[in-house]
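Start from chain V and add chain P according to the hints.
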Amino acid sequence: MERSNVDLWVGVFVAFGIGALLFLALKAGNVDSIIKSEGYKVSAEFDNIGGLKPKAPVKSAGVIVGRVESVTFSNQSLRAVVRLNLDKQFQFPADSSVSILTSGLLGDQFVGIDPGGALENLEDGDRVRITQSAIVLEKVIGQFLYGKMSEKDTD
Amino acid sequence: MTFFRQILSRLGRATINSIWRLGEASVFMARVVSRSSIVLRRPRLLVAEIHFAGVLSLVIIIVSGLFVGLVLGLQGYETLKRYGSTGAVGTLVALSLVRELGPVVAALLFASRAGSAITAKIGIMKTTEQLSAMEMMAVDPHARVVAPMFWGGFISMPLLAAIFSAMGIIGGYLITVVVIGVDSGAFWSQMQSSVDFHHDILNGVIKSVVFGAAVSAIAVYEGYASVPTAEGVSRAVTRTVVTSALAVLALDFVLTAFMFTGAH
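The listed protein sequences correspond, in order, to chains V and P.
Per our numbering, the first sequence starts with residue 1, numbered consecutively.
Per our numbering, the second sequence starts with residue 1001, numbered consecutively.
In isolation and in its complexed conformation, chain V is listed as follows (with noise of 0.2 Å):
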């Protein structure tokens, strides 16, 4: 085959290739994780976090404003504690609750965040006061039949 013409075609492979990483790193991934975006951390305790992993979303109001950053356990408070990397731009009242929901019936877990009325934002470092723990299935199966066996007994 002619040079000029093995060049194109080598130069098409190239051009190629490189388009379909970017279409893989664009289209199929998600930017944010490319880019670190700038972020504040908040820290929150929780009885059970249940199936939370790191990386789950920060949902406030459905839209994902953050990511869970640590999942660790306190030997003082004997609880988990929970580190939370939300994004800058979004900005919550400090007396905000966070609890542990689940997407769907059996979906992944994730922090949903229920803002408060207090004047002063949350800032980098702080601790969320008001938690609640995530719904374990098989606790509210137990306590369920639990109160099914109660009402026979009373009958």
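Because the hints were derived from the structure by calculation, they are not lab data.
Treat the hints loosely; a few may be bogus.
Stated by the list, open to error - The calculated lysine to any residue pairs, modelled on SDA-like cross-linking and capped at a C-alpha distance of 25 Å, are: (1) P:LYS1081 with P:VAL1071; (2) V:LYS27 with P:LEU1066; (3) P:LYS1081 with P:ASP1183; (4) V:LYS53 with P:THR1256; (5) V:LYS27 with P:LEU1058.
Unchecked claim - Just so you have them, the derived chain V footprint on chain P, three or more residues with Cβ under 8 Å: (6) 1052-1062; (7) 1152-1160; (8) 1195-1202.
Even glycine gets a Cβ: it sits at the ideal position worked out from N, Cα and C.
Chain P only, in chain V's frame:
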């Protein structure tokens, strides 16, 4: 007693032989890599080899990628339909392609399309004594012939794997969104929320780079070490395909064990 002796000595010979071959291959590859500066001094050699290994494999990679995506989309849809979460089909297609199928299937196709061609080319050059002729003219065949072929394959493979994954995702999109009618927004947004750039895409690229190095090294070595007869070259080509396939699958297991398990 003599029977056992025979079996044991055969085992010993096979072991020594394979270790010897491994050593020879390492020395050969070290020599090729150390003479690779020719690739920078005469880039036209490399361009010709990228054309030989990459451009000529383009059609098979695009067509197979598309069909793998179509099948993944169909099967994923049929299974996810039972749980009422057909929107997740995009996630399924993208993750399985980017993490596993893209690099692995592209590497297997690359080994059978380009690897075998590289082995045959070097083997026939050896059979027709072109390599010896080069040595007589004080041209090092490691540098002039083998190094550009190795680097050509090494560069082509990650690009081919990326094209394979991209075509597969397009195939999955075509069958599930265009033909079956899954919601387009759910398809892309669920995919984007679960495909991570570092964890999934970058690890897939690393895999394809490793596979490209392995397949290209096996192909050039088998060609160079082939017995210079018609039968010897045909055996070398067979060995290239078989060894590359085994190497790719074994390496894939090791890399997956390192990349996708443990604390995330």
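Hint-by-hint comparison with the structure:
A C-alpha spacing of about 15 Å is found between LYS1081 of chain P and VAL1071 of chain P, which places the hinted pair at or below 25 Å, so the restraint holds. Among the hinted pairs, LYS27 of chain V with LEU1066 of chain P is consistent with the structure: their alpha-carbon atoms are about 17 Å apart, no more than 25 Å. Under the criterion of a C-alpha separation no larger than 25 Å, the hint pairing LYS1081 of chain P with ASP1183 of chain P is consistent with the structure, at around 13 Å. A distance of roughly 21 Å separates the Cα atoms of LYS53 of chain V and THR1256 of chain P; the hinted pair therefore holds under the 25 Å criterion.
For the hint pairing LYS27 of chain V with LEU1058 of chain P, the CA-to-CA distance comes to about 22 Å; that is within 25 Å, so the pair holds. Here the segment 1052-1062 of chain P counts 3 residues with a CB under 8 Å from a CB of chain V, which clears the bar of 3, and the coverage holds. Given a C-beta distance limit of less than 8 Å, the hint that chain V covers the segment 1152-1160 of chain P holds, as 4 residues qualify and 3 suffice. Using a Cβ-Cβ cut-off of 8 Å, 6 residues of the segment 1195-1202 of chain P lie near chain V, which meets the minimum of three, so the contact claim holds.
When the structure is compared with the earlier hints, no violation turns up for any of them.
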